[in-house]
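Chemist: One-letter residues, chain by chain:
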Amino acid sequence: MSLDPQLPPAAGPQVGADEWVARQAHRREYLPSWLGDAQRAGERVGWWPRLAIAGLAGALLPTLGLSGFQLQVGIDSLTIALLAVGLNIAVGWAGMLDLGYIAFFGFGAYGFALLSSAQIATTGIHLPAYLSLPIVMVTAALLGVGVGLPSRRLIGDYLAIVTLFFGEAFVEFTNNVAPSKLGGPDGIVGIDPIRAFGWQLTSNFGYYYLLVIILVVVMAVLRLVEKSRTGRAWRAVREDPLAAASMTIPVNRVKLAAFAAGAVVAALAGTIYAAQQANVFPTDFDTPILILVYAGLVLGGTGSIAGAALGALVVMIIYDGLLRSPTEAGYLFYGLIVLTLLARLRPWRRLAAVLAATVAFGFAAHAIAKAISASAVASGPQSGGWIADALRDWVIVPANPQTPGNWGFVALICLLITLVQVGNRWRTILLVPTIYLASFVWETRLVVEPSITRQLMIGAILIVMMIARPQGLLGQRRVEALT
Amino acid sequence: MSFFFQELVNGITTGALYSLVALGFSMVYGVLKLLNFAHGDLYMVGAYIGFFIIQFFGGAADLSIAVPLLLVIMFVVAAGLVGGLGVAIERFAYRPLRDAPRIAPLITAIGVSFFLESSALLLFGAQFRVYNTSEFISLSSGIRIGSVTIDSVQILVLVLGLVLMTGLRILVNRTRLGKQMRAVAADREAAEMLGINVNFVITATFLLGSALAGIAGVMGGLLFNTVTSTIGFIVGLKAFTAAVVGGIGSIPGAMLGGLVIGLAESFVTGYISSTFTNLIVFGLLIVVMLVRPSGLLGQAQLQKV
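Line order of the protein sequences matches chains Y and S. Each residue of the first sequence is one higher than the one before, counting from 177 in this note's numbering. Each residue of the second sequence is one higher than the one before, counting from 69 in this note's numbering.
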């Protein structure tokens, strides 16, 4: 028994607590009142029923009457979700940062493209899907082992570098090597659709359903793997390779298996992608896609199958769907700000004060700017819908918004960094100009540059999620064990 | 033969550039054990800063101040601003994760890199910005040995690179701060117990490393002339390669690695084909990793229990 006075637990990560303790701590973090009850009820639904419900929901979605664009967003989202689920094997379970993952996706796509187009030989090879898919997947597994082999000797970060170079090398390879076969920067066009036993899949509806089925099946298989001997071995290797090895786990073989399994899933996604797009280009498999997949995985929570799929779907629907139209992007942006404030700002008096101050600040700033110069508020808000009308007399949008918007962006970043560094009282005060400035930058720059805004969002997701909630939406918090 | 020596000179020049970027990368890795993927983007920011300073003084064609003064301002401002940016990134993005599982700061670093790149795209647009070095530094006024020319920009890069690397070496080996850096790199917790202000040392390391990247960015602008928001990625990759080939965390290793990469690139471009340059450089890296995982000058790391 200790005679030391009882000290309050230190802030920051709990050192020495393991995964189990982290899980127990998570159990105590329910939302207040009925929300918590709903949360608990939701958690009582098992994993399999949830998968079934999600799969059914996915299958019923097109019956609501999706437009062609929305269907394409759905297909892209499902592809990225499949990739994220596969990436989770190496990154989430085995704890290896695989930055060449997207090359397996590209390998699957190119492999399928070569096997089902007029690219090789004079008439080309046109294998049916029941032959080409297994061939591509098995080769991808072998390639995964080949790339994973260095990991025998590489610890941690070195692996990240080698795989990153592998990914880059793939893009360079497809761009430069054998242009007559691989097409160089022009890629391969005219790829057959998925064909088997006399029928072929040509409509986007077909590919949507195929992807839903594949995603559900892959998730189910991975769930079984997760609970199996191999799955436990992966997590053991992640937590401590040395301890795992001393428990007779063949660490190298287990790592290779993780690589190979991830490669197979990625290659499968690649084949569907190539068949649906009917063409492949080297740039389709470059770093931005990798970062997109990582953003999905991190948002959903590394280590969780459902989290990976959900995170990727959310990221893709925002990235590909919502951020294309100024009106919807505006709803998303302001909705996120208000939701974050509602969720994070306590007590409610503080919340009310910040909201009121922000509104007042905006009108005051607008009035002052208008009094000084009419051109300072000449353009209205750039986003559409009722939000634009509501903000007309609130946010300043000068006649020539680009340069002020750029300076505003720089100032916003500085303000955000300051906001994180200062104490609580200052944070509350600084919050008001930050929100206003964010809105200013949004209306002047971000809404008119949707493609850049999407990339900024992906970067921000990676940074903010890792700092604020490293376990993601559905993942389990991991606490570093005392070493 | 003169072709060979010309390629040698070009290789050493780009090598010096890569060395500078690799140094900062390697230093950060040394103290924090973090692969700072955003390091290449700091180079890009430095290059942009240099460009806007030229614009500020009237553009390359008619400068309002003397060229040496302009160069000094470019290097100093780029070093200061990029150094500050590096420190801000460390404060904001990496410090909260210092005790997190190893993979978390890596993913954050990727996010920072992507964020910087798209911010540059937002602020400066997608068009190429051109330094037009030849308008204000006469390229012909270099040293001529036989048929081999070392033009004045190359001389500038080589001399400045050499000075900075020597200075860094003295700083790390001779000064109190350098000693503290080495202590933190060897064992952060033990260093903390011995009263070393670890946060200060890490901040100083980020400041120095990022400043070097900023200076390298201006050099790159003078040397390669064009700046765009994506240049950071490929230079960052080359610098990673340099740091890893030399032995990550080792300062002489980073210098050597930079030279190796610069020479390899130059000779492959000169003698084989420029389409395969990157492929061969990456292949080189993978071979080195397989044969000598700790790099040319790195120490083999034993895993502690």
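It should be emphasised that the hints constitute simulated quantities derived from the structure, not laboratory data. Among the clues, some could well be false.
To be verified - From the structure, some residues in chain S lie toward chain Y, with a derived Cβ separation under 7 Å: (1) Ala161; (2) Leu358; (3) Val359.
All C-beta atoms, glycine included, are put in the ideal place defined by N, C-alpha and C.
Chemist: Give me the numbers of the hints this structure contradicts, sorted from smallest to largest.
Modeler: 3
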